[in-house]
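Peer 1: Each chain is listed here by its residues.
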Amino acid sequence: MSRIIGIDLGTTNSCVAILEGGKPRVIENSEGARTTPSIVAFTPDNEVLVGQSAKRQAITNPKNTLYAVKRLIGRRFKDAEVQKDLHLVPFQIVGADNGDAWIEANGKKMAPPEVSARVLMKLKKDAEAFLGEEITEAVITVPAYFNDSQRQATKDAGRIAGLEVKRIINEPTAAAMAFGLDRKQGDMKVAVYDLGGGTFDVSIIEIAEVDGEHQFEVLSTNGDTHLGGEDFDLRIIDWLCEEFKKESGIDLHSDPLALQRLKEAAEKAKIELSSSQQTDINLPYVTADASGPKHLNLKLTRAKLESLVEDLVFRTRGPCETAIKDSGLKASEIDEIILVGGQSRMPKVQEIVTEIFGKEPRKDVNADEAVALGAAIQGGVLGGQVKDVLLLDVTPLSLGIETLGGVMTKLIEKNTTIPTKTGQVFSTADDNQTAVTIHVLQGEREMSKDNKSLGRFDLADIPPSPRGMPQIEVTFDIDANGILHVSAKDKATQKEQSIRITASSGLSDDEIKRMVQDAELHAEEDKKLHELVQARNQADSLIHASQKTVSELGDGVEAAEKSQIEDAIKALKEAMNSDDKTLIDQKTEQLSEASQKLAERLYAQKGAEGMGANESAAESGHQGTQADDIVDAEFEEVKDDKK
Amino acid sequence: MSHDDILPEDGEAQAQTETPGLESTLEIRTPEEWAEALAKAEQKAQENWDKALRTQADLENLKRRSEKDLQNAHRFGIEKFARELLPVADSLELGLSVETANSPDIQKLREGMELTLKQLRSSLEKFNVVAVDPEGEKFNPERHQAMAMQPTDEAEPHTVLKVYQKGYLISDRLLRPAMVVVAQDIGS
Numbered sequence: 001m002s003r004i005i006g007i008d009l010g011t012t013n014s015c016v017a018i019l020e021g022g023k024p025r026v027i028e029n030s031e032g033a034r035t036t037p038s039i040v041a042f043t044p045d046n047e048v049l050v051g052q053s054a055k056r057q058a059i060t061n062p063k064n065t066l067y068a069v070k071r072l073i074g075r076r077f078k079d080a081e082v083q084k085d086l087h088l089v090p091f092q093i094v095g096a097d098n099g100d101a102w103i104e105a106n107g108k109k110m111a112p113p114e115v116s117a118r119v120l121m122k123l124k125k126d127a128e129a130f131l132g133e134e135i136t137e138a139v140i141t142v143p144a145y146f147n148d149s150q151r152q153a154t155k156d157a158g159r160i161a162g163l164e165v166k167r168i169i170n171e172p173t174a175a176a177m178a179f180g181l182d183r184k185q186g187d188m189k190v191a192v193y194d195l196g197g198g199t200f201d202v203s204i205i206e207i208a209e210v211d212g213e214h215q216f217e218v219l220s221t222n223g224d225t226h227l228g229g230e231d232f233d234l235r236i237i238d239w240l241c242e243e244f245k246k247e248s249g250i251d252l253h254s255d256p257l258a259l260q261r262l263k264e265a266a267e268k269a270k271i272e273l274s275s276s277q278q279t280d281i282n283l284p285y286v287t288a289d290a291s292g293p294k295h296l297n298l299k300l301t302r303a304k305l306e307s308l309v310e311d312l313v314f315r316t317r318g319p320c321e322t323a324i325k326d327s328g329l330k331a332s333e334i335d336e337i338i339l340v341g342g343q344s345r346m347p348k349v350q351e352i353v354t355e356i357f358g359k360e361p362r363k364d365v366n367a368d369e370a371v372a373l374g375a376a377i378q379g380g381v382l383g384g385q386v387k388d389v390l391l392l393d394v395t396p397l398s399l400g401i402e403t404l405g406g407v408m409t410k411l412i413e414k415n416t417t418i419p420t421k422t423g424q425v426f427s428t429a430d431d432n433q434t435a436v437t438i439h440v441l442q443g444e445r446e447m448s449k450d451n452k453s454l455g456r457f458d459l460a461d462i463p464p465s466p467r468g469m470p471q472i473e474v475t476f477d478i479d480a481n482g483i484l485h486v487s488a489k490d491k492a493t494q495k496e497q498s499i500r501i502t503a504s505s506g507l508s509d510d511e512i513k514r515m516v517q518d519a520e521l522h523a524e525e526d527k528k529l530h531e532l533v534q535a536r537n538q539a540d541s542l543i544h545a546s547q548k549t550v551s552e553l554g555d556g557v558e559a560a561e562k563s564q565i566e567d568a569i570k571a572l573k574e575a576m577n578s579d580d581k582t583l584i585d586q587k588t589e590q591l592s593e594a595s596q597k598l599a600e601r602l603y604a605q606k607g608a609e610g611m612g613a614n615e616s617a618a619e620s621g622h623q624g625t626q627a628d629d630i631v632d633a634e635f636e637e638v639k640d641d642k643k
Numbered sequence: 001m002s003h004d005d006i007l008p009e010d011g012e013a014q015a016q017t018e019t020p021g022l023e024s025t026l027e028i029r030t031p032e033e034w035a036e037a038l039a040k041a042e043q044k045a046q047e048n049w050d051k052a053l054r055t056q057a058d059l060e061n062l063k064r065r066s067e068k069d070l071q072n073a074h075r076f077g078i079e080k081f082a083r084e085l086l087p088v089a090d091s092l093e094l095g096l097s098v099e100t101a102n103s104p105d106i107q108k109l110r111e112g113m114e115l116t117l118k119q120l121r122s123s124l125e126k127f128n129v130v131a132v133d134p135e136g137e138k139f140n141p142e143r144h145q146a147m148a149m150q151p152t153d154e155a156e157p158h159t160v161l162k163v164y165q166k167g168y169l170i171s172d173r174l175l176r177p178a179m180v181v182v183a184q185d186i187g188s
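Going down the list, the protein sequences come from chains A and B.
By this note's numbering, the letter at position 94 of the first sequence is numbered 94, and the numbering carries on one by one without gaps.
By this note's numbering, the letter at position 45 of the second sequence is numbered 45, and the numbering carries on one by one without gaps.
A portion of the hints provided could be inaccurate.
[Said to hold, decoys possible] EDC-like cross-link-like pairs, simulated, lysine to aspartate or glutamate; straight-line CA separation at most 20 angstroms:
(1) B:Lys63 / A:Glu128
(2) B:Lys166 / B:Glu84
(3) A:Lys268 / B:Asp90
(4) A:Lys268 / B:Glu84
(5) B:Lys80 / A:Glu272
(6) A:Lys299 / B:Glu84
(7) A:Lys330 / A:Asp187
(8) B:Lys68 / A:Glu31
(9) A:Lys294 / B:Asp69
(10) A:Lys23 / B:Asp69
(11) A:Lys606 / A:Asp555
(12) A:Lys263 / B:Asp90
(13) B:Lys162 / A:Asp255
(14) A:Lys294 / B:Glu42
(15) A:Lys23 / A:Glu133
(16) B:Lys166 / A:Glu264
(17) A:Lys23 / B:Glu99
(18) A:Lys491 / A:Asp431
(19) A:Lys421 / B:Glu60
(20) B:Lys138 / A:Asp45
(21) A:Lys263 / B:Glu84
(22) B:Lys138 / A:Glu47
(23) A:Lys359 / A:Glu552
(24) B:Lys80 / A:Glu267
(25) B:Lys80 / A:Asp509
(26) B:Lys166 / A:Glu31
(27) A:Lys246 / A:Glu230
(28) A:Lys414 / A:Asp509
(29) A:Lys421 / A:Asp490
[To be verified] Interface residues of chain A toward chain B, partial, derived using beta-carbon atoms under 7 angstroms:
(30) Gly21
(31) Leu49
(32) Tyr145
(33) Ser254
(34) Pro284
(35) Gly482
[Said to hold, decoys possible] Label-pair ranges, simulated between beta-carbon atoms:
(36) B:Arg54 / A:Pro256: 49 to 59 angstroms
(37) B:Arg83 / A:Ser307: 25 to 35 angstroms
(38) A:Glu243 / B:Leu96: 51 to 61 angstroms
(39) B:Glu36 / A:Gly384: 19 to 29 angstroms
(40) B:Ala73 / A:Gln260: 27 to 37 angstroms
Derived from the structure by calculation, the hints contain no laboratory data.
Using N, Cα and C, we set each Cβ at its ideal position, and we do this for glycine too.
Please put together the full structure from these sequences, using the hints given.
Peer 2: Below, the structure is given as structure tokens:
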């Protein structure tokens with residue numbers, strides 16, 4: 001079963017997305033861009049270009065470079081909107097025999113769906129390249145105000161492109177889905193404020209929960225089909241030209257390269273001012289005249305920008321107020337406002353939205369991509385992907401065991417999706433330790449005593465060996481029902497013990513919340529405690545290693561050296577009993593220095609005897625022979641009852 | 001395998017792993033009832049098998065895609081940064097293209113600028129960012145952006161007459177198109 005892609009077929013730009021792993025994601029096109037211009041061109045060589053490449057050759061081929069076809073699709077030739085467009089575009093708009101608005105280009109007449117189909121074909125192809133599978137079905141979005149004829153024409157475009165259009169959904173609806181508003185319980189009224197590159201649309205929709213399903217109803221729509229981000233850019237360009245003329249007397253409007261650079265700089269500056277209070281527009285060598293090259297270097301503040309575009313922003317107020325009125329609701333009755341379209345990122349725009357609707361809008365989904373993402377979600381629902389996926393649980397708190405020093409070592413991090421299984425190898429803390437206690441804990445604190453104990457068990461009959469040598473594999477396995485199985489296995493003897501812990505021995509939602517908060521509050525303290533424990537453990541290892549070195553050298557140790565080391569060990573042991581990490585570190589250093597000399601000698605000696613074991617010197621002089629992922633567990637002898 | 005020394009800390013602690021799922025009630029059933037139960041169980045097993053396979057397949061697709069994403073991230077990760085640096089190269093080139101006096105001071109300045117530009121270019125090239133200078137070539141909208149058309153008989157129509165601004169490729173993908181003037185047939 002192939003997957004269903006979601007397509008935002010826009011007037012200026014289109015975007016395609018798909019549901020992956022339960023989350024919608026935008027598919028990049030073959031040029032690596034996340035949106036594709038909705039432009040189709042027929043070149044003199046009879047090539048058909050779609051997207052950026054079509055845009056780039058527009059000047060060389062104005063009659064056959066078709067754009068904004070969405071303004072024509074599904075309309076009659078005599079429609080006011082079409083007649084208006086007739087005089088605005090360089091290509092020919094004609095009436096078909098049946099009265100529909102058609103386009104004449106490349107020596108023939110074609111219906112708008114045929115042209116839009118080219119864009120869809122490119123999106124389809126790029127999606128197939130990305131996914132590595134054939135795509136035959138799609139969900140396509142249309143403006144909420146599209147009538148039947150326009151919707152059908154959009155469906156036709158899909159069919160021509162080789163896509164079965166499983167559903168046509170409204171753009172505001174798709175946006176609402178991208179924001180997850182259809183997953184809440186009960187009814188909801190949502191306003192969608194869509195300020196894109198070339199058009200402004202505002203819609204009020206109602207999401208009703210009927211028999212567990214969510215239904216969308218468009219209560220009202222309004223907008224301005226010729227108001228968008230590009231108009232904002234124009235204001236900045238005009239201001240730049242004006243300022244430059246004042247300084248140099250040159251009008252940059254007549255210099256195509258300068259104008260292009262200004263356009264890019266203006267858009268960049270506008271975007272920067274959404275997050276800074278001012279920005280530099282710096283264009284060296286922007287133009288030249290008889291007296292030489294000229295540079296443009298101007299500062300634009302957010303306040304100045306806002307004054308330049310004030311009237312444009314205010315122009316969105318009227319349509320919003322009309323839409324609210326037409327919906328029969330009061331602004332206060334609208335539960336959520338969501339922002340769509342790149343231009344909605346501007347702080348001034350967000351301000352006016354908050355003013356008009358009386359509450360702050362949601363902007364947590366990428367405004368340029370929300371519609372496509374919503375279409376992808378719808379595609380996923382229709383394809384059965386969303387239903388099939390069991391809503392998997394996560395472990396709300398981390399799970400682990402108690403290790404040397406009373407510390408909790410986590411094996412499963414909180415918010416891990418279950419079922420899951422993980423294991424880690426631990427070892428003994430003392431020489432000749434023949435049993436270990438596995439104390440299972442749940443929580444986020446560093447110290448075991450601050451976490452919840454879920455249970456404990458022992459694994460005995462470990463063959464006597466030096467500390468750190470036995471390999472005890474501890475496995476945590478949570479099944480789909482949330483039941484935790486903890487087992488410990490001695491790799492040498494293959495002996496295994498385990499424990500089964502059910503959810504009922506865990507915590508309530510409130511307790512979980514409290515524990516997570518507690519952990520955050522105590523994070524600093526816990527960290528210090530952990531460091532102290534680590535220092536102690538290191539000290540312990542070093543003492544063991546030093547004692548070992550001394551005994552191995554036997555007579556090779558002079559009496560003075562031996563007593564020096566013994567003194568250092570004594571001082572260190574005392575320090576370990578205190579809570580002073582600095583002191584412990586100090587004494588550890590001292591012992592390390594003292595025993596290092598000894599260790600060097602031991603290995604020089606061995607080296608002279610023909611055993612070049614150079615690397616081990618570093619090891620035994622310092623920490624203790626530990627493999628990277630073996631952690632010392634605080635394992636107690638079975639007979640003791642420490643805790 | 002139970003062990004004498006296990007400390008039974010809470011009632012839940014057990015010494016052996018249980019096999020979950022065999023909670024069937026062992027009541028007496030008729031052969032028909034058993035047949036039905038078996039058929040249901042087999043169907044459920046088949047459904048679960050399908051789901052497992054599908055999940056496995058999805059996982060593998062996801063892995064494959066993640067690898068590709070990572071590869072792309074490495075290759076194109078510097079794309080934004082490289083694109084921001086291009087105007088620096090542009091400005092240096094524009095500066096050098098200006099006619100200047102021949103005084104030694106100016107010459108020294110020019111030399112410095114040339115060397116700086118060279119430095120920048122070689123840094124870019126180290127990361128597979130190369131310039132596109134298509135003067136005289138056939139106009140190619142995949143790599144060039146037409147700024148204007150100019151009627152001329154000095155060049156073939158639809159070839160690049162003049163390059164306003166160089167384009168750039170990153171790892172063979174277009175980073176920025178070259179801004180060009182396209183030759184137009186004088187007759188048209």
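Peer 1: None of the hints should be skipped; say for each whether it holds.
Peer 2: Comparing the hints with the structure gives:
1. B:Lys63 / A:Glu128: holds, 17 angstroms
2. B:Lys166 / B:Glu84: holds, 14 angstroms
3. A:Lys268 / B:Asp90: Holds, at roughly 17 angstroms.
4. A:Lys268 / B:Glu84: The hint holds at about 11 angstroms.
5. B:Lys80 / A:Glu272: With a Cα-Cα distance of about 15 angstroms, the restraint between Lys80 (chain B) and Glu272 (chain A) holds, given a limit of 20 angstroms.
6. A:Lys299 / B:Glu84: holds, 19 angstroms
7. A:Lys330 / A:Asp187: Holds, at about 16 angstroms.
8. B:Lys68 / A:Glu31: Holds: Lys68 (chain B) and Glu31 (chain A) sit about 15 angstroms apart, inside 20 angstroms.
9. A:Lys294 / B:Asp69: violated, 44 angstroms
10. A:Lys23 / B:Asp69: holds, 16 angstroms
11. A:Lys606 / A:Asp555: Holds - the C-alpha atoms of Asp555 (chain A) and Lys606 (chain A) are around 14 angstroms apart, at most 20 angstroms.
12. A:Lys263 / B:Asp90: holds, 16 angstroms
13. B:Lys162 / A:Asp255: The given pair, whose Cα atoms are some 15 angstroms apart, holds under the 20 angstroms limit.
14. A:Lys294 / B:Glu42: Roughly 82 angstroms separates the two Cα atoms, so the pair is violated.
15. A:Lys23 / A:Glu133: holds, 19 angstroms
16. B:Lys166 / A:Glu264: Holds, at about 16 angstroms.
17. A:Lys23 / B:Glu99: violated, 57 angstroms
18. A:Lys491 / A:Asp431: Holds, at roughly 17 angstroms.
19. A:Lys421 / B:Glu60: At roughly 19 angstroms apart (the allowed maximum being 20 angstroms), Glu60 (chain B) and Lys421 (chain A) satisfy the hint.
20. B:Lys138 / A:Asp45: holds, 12 angstroms
21. A:Lys263 / B:Glu84: Distance of about 16 angstroms is within 20 angstroms: holds.
22. B:Lys138 / A:Glu47: Roughly 15 angstroms between the alpha carbons, so the hint for Lys138 (chain B) and Glu47 (chain A) holds.
23. A:Lys359 / A:Glu552: Not OK: Lys359 (chain A) and Glu552 (chain A) at ~76 angstroms, beyond 20 angstroms, violated.
24. B:Lys80 / A:Glu267: Cα-Cα ~16 angstroms, so holds.
25. B:Lys80 / A:Asp509: Answer violated: Lys80 (chain B) to Asp509 (chain A) is near 44 angstroms, above 20 angstroms.
26. B:Lys166 / A:Glu31: holds, 19 angstroms
27. A:Lys246 / A:Glu230: violated, 24 angstroms
28. A:Lys414 / A:Asp509: holds, 14 angstroms
29. A:Lys421 / A:Asp490: Cα-Cα ~18 angstroms, so holds.
30. Gly21: holds, 6 angstroms
31. Leu49: holds, 6 angstroms
32. Tyr145: violated, 34 angstroms
33. Ser254: Check failed: Cβ of Ser254 (chain A) comes no nearer than 12 angstroms to chain B, outside 7 angstroms.
34. Pro284: At about 4 angstroms, which falls below the 7 angstroms cut-off, the nearest Cβ of chain B leaves the hint on Pro284 (chain A) intact, so it holds.
35. Gly482: Nearest chain B Cβ about 11 angstroms off; hint violated.
36. B:Arg54 / A:Pro256: 49 to 59 angstroms: holds, 55 angstroms
37. B:Arg83 / A:Ser307: 25 to 35 angstroms: holds, 30 angstroms
38. A:Glu243 / B:Leu96: 51 to 61 angstroms: violated, 27 angstroms
39. B:Glu36 / A:Gly384: 19 to 29 angstroms: Holds - the Cβ-Cβ distance for Glu36 (chain B) and Gly384 (chain A), about 27 angstroms, lies within 19 to 29 angstroms.
40. B:Ala73 / A:Gln260: 27 to 37 angstroms: This hint holds: roughly 30 angstroms between Cβ atoms.
When held up to the earlier numbered hints, the structure conflicts with 9, 14, 17, 23, 25, 27, 32, 33, 35, 38 and fits the remainder.
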